[in-house]
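With chain Y's structure known, arrange chains B, U and Z with the ligands on it following the hints.
Chains as they are written, first to last, in the working numbering: chain Y, 1 to 337; chain B, 1 to 337; chain U, 1 to 629; chain Z, 1 to 629.
Each hint should be verified, as a subset may be incorrect.
Listed below are the simulated EDC-like cross-link pairs for lysine to aspartate or glutamate, each with C-alpha atoms no more than 16 Å apart in a straight line [unchecked claim]:
id	chain 1	residue 1	chain 2	residue 2
1	U	95	Z	486
2	Y	248	B	273
3	Z	230	Z	74
4	Z	94	U	486
5	Z	230	Z	72
6	U	230	U	595
7	B	248	B	273
8	U	613	U	595
9	Z	119	Y	17
10	Y	248	B	274
11	B	248	Y	17
12	Y	132	Z	52
These are calculated hints, taken from the structure and not from any lab test.
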Amino acid sequence: MTEGRTLTRKDFTSDQEVRWCPGCGDYAILAAIQGLLPELGAVPERTVFVSGIGCAARFPYYMDTYGFHGIHGRAPAIATGLAVSRPDLDVWVVTGDGDALSIGGNHLIHALRRNVGVKILLFNNEIYGLTKGQYSPTSREGQITKSSPMGAIDHPFNPVSLALGAEATFVARTLDNDRDHLQTVLRAAYEHRGSAFVEILQNCIVFNDDAFLSVRDRATGASNRIELRHGEAIVFGAEDDRRAVVTKDGGGVEILPLDEAGGRVVVHDAHVDDPTRAFALSRLTDRDGGPAPFGIFRQVQRPRYEALLVDQVERAGEQGRASLQALLETSNVWDVP
Amino acid sequence: MTEGRTLTRKDFTSDQEVRWCPGCGDYAILAAIQGLLPELGAVPERTVFVSGIGCAARFPYYMDTYGFHGIHGRAPAIATGLAVSRPDLDVWVVTGDGDALSIGGNHLIHALRRNVGVKILLFNNEIYGLTKGQYSPTSREGQITKSSPMGAIDHPFNPVSLALGAEATFVARTLDNDRDHLQTVLRAAYEHRGSAFVEILQNCIVFNDDAFLSVRDRATGASNRIELRHGEAIVFGAEDDRRAVVTKDGGGVEILPLDEAGGRVVVHDAHVDDPTRAFALSRLTDRDGGPAPFGIFRQVQRPRYEALLVDQVERAGEQGRASLQALLETSNVWDVP
Amino acid sequence: MTTTETSETLHRVVIRFAGDSGDGMQLTGDRFTVQTAEVGNDLATLPDFPAEIRAPAGTTAGVSSFQLQFSDEDILTPGDAPDVLVVMNAAALKKNIGDLQRGGTLIVNTDGFDRANLKKAGYLSSPLDDGSLEPYRVYELSLTDLTTRSLQDLVESRSIRSKDAARAKNMFALGLVSWMFSRPVDTTVAWLEQKFARAPAIAQANVHALKAGYNFGETTELFAHRYEVKPAKLPPGRYRTISGNTALAYGLIAASQRCGLDLFYGSYPITPASDILHELARHKRFGVRTFQAEDEIAAVGAALGASFGGALAVTASSGPGIALKAETIGLAVAVELPLVVIDVQRGGPSTGLPTKTEQADLLQVMFGRNGEAPVPVVAAQSPGDCFDAAIEAVRIALTYRTPVMLLTDGYLANGSEPWRLPDLAALPDLDPAFATAPNGEDGTFLPFLRDPSTLARPWALPGTPGLEHRIGGLEKADVTGNISYDPDNHHRMTELRQAKIDGIARDLPPLGLDGAPTDDLLVVGWGSTYGPIREAVRRVRADGGKVACLHLRHLNPFPADLGDLLRSFDRILVPEMNMGQLRLLLRARYLVDAEGYNKVRGQPFRAAELHAKIVGLLRNADRMPVATS
Amino acid sequence: MTTTETSETLHRVVIRFAGDSGDGMQLTGDRFTVQTAEVGNDLATLPDFPAEIRAPAGTTAGVSSFQLQFSDEDILTPGDAPDVLVVMNAAALKKNIGDLQRGGTLIVNTDGFDRANLKKAGYLSSPLDDGSLEPYRVYELSLTDLTTRSLQDLVESRSIRSKDAARAKNMFALGLVSWMFSRPVDTTVAWLEQKFARAPAIAQANVHALKAGYNFGETTELFAHRYEVKPAKLPPGRYRTISGNTALAYGLIAASQRCGLDLFYGSYPITPASDILHELARHKRFGVRTFQAEDEIAAVGAALGASFGGALAVTASSGPGIALKAETIGLAVAVELPLVVIDVQRGGPSTGLPTKTEQADLLQVMFGRNGEAPVPVVAAQSPGDCFDAAIEAVRIALTYRTPVMLLTDGYLANGSEPWRLPDLAALPDLDPAFATAPNGEDGTFLPFLRDPSTLARPWALPGTPGLEHRIGGLEKADVTGNISYDPDNHHRMTELRQAKIDGIARDLPPLGLDGAPTDDLLVVGWGSTYGPIREAVRRVRADGGKVACLHLRHLNPFPADLGDLLRSFDRILVPEMNMGQLRLLLRARYLVDAEGYNKVRGQPFRAAELHAKIVGLLRNADRMPVATS
Ligand SMILES: Cc1ncc(C[n+]2csc(CCOP(=O)(O)OP(=O)(O)O)c2C)c(N)n1
Ligand SMILES: Cc1ncc(C[n+]2csc(CCOP(=O)(O)OP(=O)(O)O)c2C)c(N)n1
Ligand code: SF4
Ligand code: SF4
Ligand SMILES: [Mg+2]
Ligand SMILES: [Mg+2]
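In isolation and in its complexed conformation, chain Y is listed as follows:
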């Protein structure tokens, strides 16, 4: 797609000053994506970033591509219209946990079930950043925020479970400060034909610092990250503390020390049509400060919405060239001399 041009990250970097707080996790994600796109063979003019409102949603301004900073929650809808009318474009959505899961929850789940070819990157910082620190649908029970001075009482969504329940064909999780992992996941999302949902854990240093400490800490985080690799047994942890994900009686999976796992270690299959195992894996979370899975939970093929629509348009067109005059005359006509 680059047509002989050699593109670099600079070709994807706009001249606008980046307006996030110093130390915000968004910077790393931006840099990773600006670095990745040229490698993927994307070209700026055929790339569009669509967003809603929030800190994360400022993303399009910093990309020297086409961009649409929409309104709160509606990015998946705007992106759907764009992708349906222009299947030739690479359409990305950048959204936050409030934008995507609170006000925009419905558009998100509908885009996923339709399998519109849009890549949805959810920057999950478990807080409303832009509006200065209210709890979000991913904030933890009991979390003290400006709007929950006595602790949040809402049971949070698990974004991966929700996406799987909404029939998503590609579901993954990664995090802001592991550039390689981020880029690997985003590459797969880009190459997936259909909608891709990627939850990116992102640190909001101002209003929710260290929310993901157990998996994000530079020193100890890696050992709590359960890496999902298609076709491989799910084993993780520090050298001296290897652990495995094993099947559980009554459905679901759990974590055991590797040496107690016996033959029950789960071999990850992201391509299986039944989303149950992926759902089981999504129930392992870092909410209690423990380990959590990262990587691609699910990646299956289903026709893209826009391809099906274009197909109908083309099939309709095969009935012969459309004549406006003939259309107007479909009903009985009569002539007045």
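Relative to the frame of chain Y, chains B, U and Z with the ligands by itself:
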């Protein structure tokens, strides 16, 4: 709760003429509920039916209880406000597949994750009835409707999977023409402390007749209904064709002839905290004209949203009687003589 | 022709079919309309049905009706009071008899008057026996029975069930009335055969019933009269009947062909707008992409996304859905992209009267968004005019890079009239005029550098190298489009957005005043009141009153010559099916003391009530010849 | 006091603190406000900050500022141009210097002017060296350095990091300015100790810096002057400073106590309304239930549900969120339940200028719904007045069973002023007057049988036996509330809903005209322009102009005496921070040729610009004494 009154279905029947098409599945559901409520000990004045817009949503008019016919898709929101401010009431939501899953999808999933004590009855007829026959988010791929003359291209939601992905604590499925089953499920929903989501397959005789033929047919339907009973092995089918639900390699469940099932037959546990097995069961559907599960997929305890909120209000109140004067004087004050 | 029959020639007839929701009255009316169009009459129709799919059978709540006026001269409305009323049951009689002209013809299906029917309709005794129908010329017929008997063979041969036979009674009635008004039934025969192609026995039954009804008229001696209404002298051309929703869909397709952009139609079903979606979904061969969204917000959001991608983007709804779209329309104002938003108005507030007509969304579409967010507003005035109105809305949207609100209503949507097919070659040129090259110094692209004459900004499509840019809802710096919180820039941009919309008035042709500035009264209208207003004005003039009228296609901006015109009259009347919304705008803008005639009854105005109102005003001012009083 | 110092007495001072978003200017301003209030001055504040949490450090986009006017007489605005400007870096200078009065005092933190700072601010050479600051009385101080040096001990003892030390420079500046204007810092010391109770070292550092700044003023010989502003002669009572959002929250709590209903507050965060949610969430002990909904539609939906259940139901948002609530507000109109909807207006259209103020939602709240859906509109005019406005909105909602729109804006929300605590016993009586028994014959309950005087319908709560009933958005039959598609009933109900809202005017006290009907000009305003308008009018009068003014609390319905008042003036000016929305309503209703002064700059009006406008108008009409020209 009936305080010595003996109530009958008549006490729950309003004087308004029922305005559904002759033969509509909604009639049976109405009758079943009017018959059930007195049995449950519900009283008309403490019962409220809230709905959105659609054929199903006309339901409140026919109940001699309090009722609120809202606007399209917003019933869960209205009901949430009512339940939060009045935890003493029995609040029911009656909604359709368009009302609940299309325009109202977001409110539905948020009500479920919050576990507001509202009973949500989704009359799923896989069509927009009131607006005369467009496809809905549960319509089948390829379905020909007024708005999909070449066949619907949207991949449908599976309402049970979606509810489970949204952290619902009570999830069940039943159908319009099996009164006993309907009443059993609704009784359990009523008794559940928290939000209950019940999908009721409902036949729209005018715009989508026989959509659920395989499980609803008077003669053969019963043998295709996989009855889920807590604590029991999941076995179903005609006398001469017993089948079982068994675990599947790689996660999920499948159906086998009972005699081939071996030791893998799933024993249903609706109370297990991990929703994975319930999710697995939800993937068995009648889309291809085969069997589908009915009954309670999941029923677990989690504090009700309104109880948590009332608790905060009460705890705050324990700090002593609230004085408005003191509130106004929280900031530094000075006196001008 | 049988010998007993005399044929009388009439100039205009108003007929109404009324029955249960399940009786097929809409279909009967539709077919009678087509047959009438074929005879060359001018006509106008008024379907009227309950909000329920099938409201309780036999009750007045369940009555569905279809009214049609046809004439040998040009007519403007479906008529005030029917000359002929056909009722299929007691409830239909109860609900409609009050409207029938004294001396009018009443055809009654007596099979719809058994005790149960009477009770459901709320009759204590049968109106057929109590003398209450004396003022009318009543024909009591066992329509159901006549129909089933005519289909006995088919039932006996088990080709159809006897239920099916009884259902065909509407075709029997249609046949009878067709005979009565000398309309040929051949096209209906052909239509039935096509419609029931998959159920030939049903087709046969309906055709049979239709012909049986026709023959019944011809052979029975019951009817003294047969009527004829000669063809109307319409302007020459090729005609068809068309409803507003169909005309609107065709207008959008025509516009899309004309500007060379694929049509993207994002919509969520809602009465009475859904039929536009249904119609467009059938025409994918024109490159139309219909998207049934999860809600109205997604529908307009997707349309706006498609517009960003270069499609001809359209969304439609009725009042409640338009309210939901408000925030996104505001975004469209901010990003300045072409978009057509159609509001097929219905009775409000809230869910209101979903199947009834009203014009009460004008102020909503003018002002229903946060901040200063001006949007052009265009309204259609008759079913066929929806075609032209759609093209005009597209023209403005493309030329000015702006969302445009297009108003129709339930009456226009479902009502139909003969429509002269437009000369396609004469349709306006529509040019998307995409940006293709950088417009700034040193090769940069300035997405908010405006065209000096229209103030429109460039429309640069993704896929175009070198024009990469970002748009959004935050305030943008003039010219560059970068985010700007500068106070003066915000004021300037607000003024520019307003000036752009105001400037549309430059394109508008001079207003066509029907009448003279020296007339005693000016009647100003907009939208579907066109027909009744014109008809009333005609009648007033026939009575000797001097009255002018003006019908506005453009409600924002107002045409440049409107103010002078208004001020040349001493008295202004603004009839609206709302509580005075256009009136408010006219008063605020031009400080003219316009008076209103305001009714929200879910029904189009009757020419008679407007006539009475106008005559009353003229009389009060001593401006009405006494002779007519 | 040291001997070098002379103390000068001033009547009013305008001071502005400006720095980077991270420099704590809002906090500094807030504290200075409290200290100033304590001294007994009248005051008004204007916070101004970027939409980003922390926009790029060092750039003009990242500048945050806080302006305060204080005086020994009563004042109405935060002042036009500052007399004193404190800037923490080059960008703050660049962005604010244009506003400083010639001859004004400029305090510069020179540590914010290194090369990187200058470059980010877009300075080619340092403004400190190029003579451009000559018109001002400039004090160049190494504030950062002075602060860190004063905290050296704490850093060395590792109690705090040197980063923390540098951060305390705003407290140093506050100390210095407090000395300069003779304000005691004790309450700030106490406040700091409480705020940082969990980090005592940080508390200590800030207190230290504050005192160091104060002492620096006292000991250095740099400052020739120290100023004093005597207490203002405010009406007697107990005072505090209050921002509009806080006053609004308190008003709602007071109303809830007064009517005995628990407050249900459904909201979704949005600038500048979120602080109401934050405030209310902290007061659950008053029975307040705050519900952070998934979006604005759910927020208003839940509130309406709570209202059905008998709560005092309130929802709030800013413009974009109000647009989303439109459909549900229409439902509230149809079901006639009490509901207060607060719109804290900000710059639009669309996302617009989220942190800036504007008044451009008036027509949205009037008309932004489908169908004829009239809603009362109430507006607050100053931060403290938000308390009363909230109570008035609740009163109308309860009395008339209707949604009420309450308008404030970004300036009122965040701005603050001294506020005399109300006499709680004198607050209006609010009575929910729930229905408790059947109101129909034979013991039936008629949910739409209206109170003949208010036209309000009964409010019957679930839980009440015998009053079971159903409500909804479809048109309802008068009296019974059953679904009705009857044409005449729909017209009647539309008129009744309108008449009910219009009838609210009966309760309203006569308008208080400030001035005489014989004055040469009437200035009409609403909302937060109250201060600047009054101030401008005062100045015009001081110049000898004869001008009256009128400020509207009720925008729908208008007070009954408004028309006569307007018509008694030849010239009417309507200044609004929009393009003429109230003006449109006044012109349409009263046919008066009101002129507008319209600016949307995201900033409150300055009294000076209004003064100039008014004087200009009077001059044009030869109505201004020449002496003042
Ligand atoms: C309609 C509307 N409602 C509310 C807002 C205010 N708002 C802006 S961003 C936001 C939430 C941001 O949270 P999130 O999506 O998690 O993004 P983050 O800032 O954390 O990256 C809210 C509530 C808005 N701009 N528009
Ligand atoms: C805001 C809004 N959008 C659209 C509609 C039109 N509408 C009414 S009901 C309905 C869908 C009904 O389908 P469903 O919820 O499945 O209920 P059913 O009629 O099948 O019982 C639609 C689209 C509306 N009333 N309001
Ligand atoms: S508030 Fe949080 S998410 Fe937003 S820019 Fe700052 S650190 Fe990042
Ligand atoms: S349209 Fe379908 S769902 Fe609606 S009332 Fe008729 S049969 Fe029932
Ligand atoms: Mg967030
Ligand atoms: Mg349905």
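Checked hints:
1. For the hint linking residue 95 of chain U to residue 486 of chain Z, the alpha-carbon distance of about 10 Å falls within 16 Å, and the restraint holds.
2. Taken as a hint, the residue 248 of chain Y and residue 273 of chain B pair is honoured in the structure, with Cα atoms around 12 Å apart against an allowance of 16 Å.
3. Using a Cα cut-off of 16 Å, the hinted pair residue 230 of chain Z and residue 74 of chain Z holds, with the two alpha carbons roughly 12 Å apart.
4. Pair hint residue 94 of chain Z plus residue 486 of chain U holds up; C-alpha atoms about 13 Å apart against a cutoff of 16 Å.
5. Between the alpha carbons of residue 230 of chain Z and residue 72 of chain Z the distance comes to roughly 5 Å, so the proposed pair stays at or under 16 Å and holds.
6. The suggested pairing of residue 230 of chain U with residue 595 of chain U is violated, with an alpha-carbon distance near 40 Å, which exceeds 16 Å.
7. Between residue 248 of chain B and residue 273 of chain B the CA atoms are separated by roughly 20 Å; this puts the pair beyond 16 Å, and the hint is violated.
8. Distance restraint check for residue 613 of chain U and residue 595 of chain U: the Cα-Cα separation of roughly 11 Å lies within the 16 Å cut-off, and the hinted pair is therefore satisfied.
9. At roughly 14 Å between alpha-carbon atoms, residue 119 of chain Z and residue 17 of chain Y fall within 16 Å of each other, so this suggested pair holds.
10. A distance of roughly 10 Å separates the Cα atoms of residue 248 of chain Y and residue 274 of chain B; the hinted pair therefore holds under the 16 Å criterion.
11. The hinted pair formed by residue 248 of chain B and residue 17 of chain Y fails the criterion: a straight-line CA distance of about 53 Å is larger than 16 Å.
12. A threshold of 16 Å between alpha carbons decides the hint, and for residue 132 of chain Y with residue 52 of chain Z the separation of about 10 Å falls inside it, so the pair holds.
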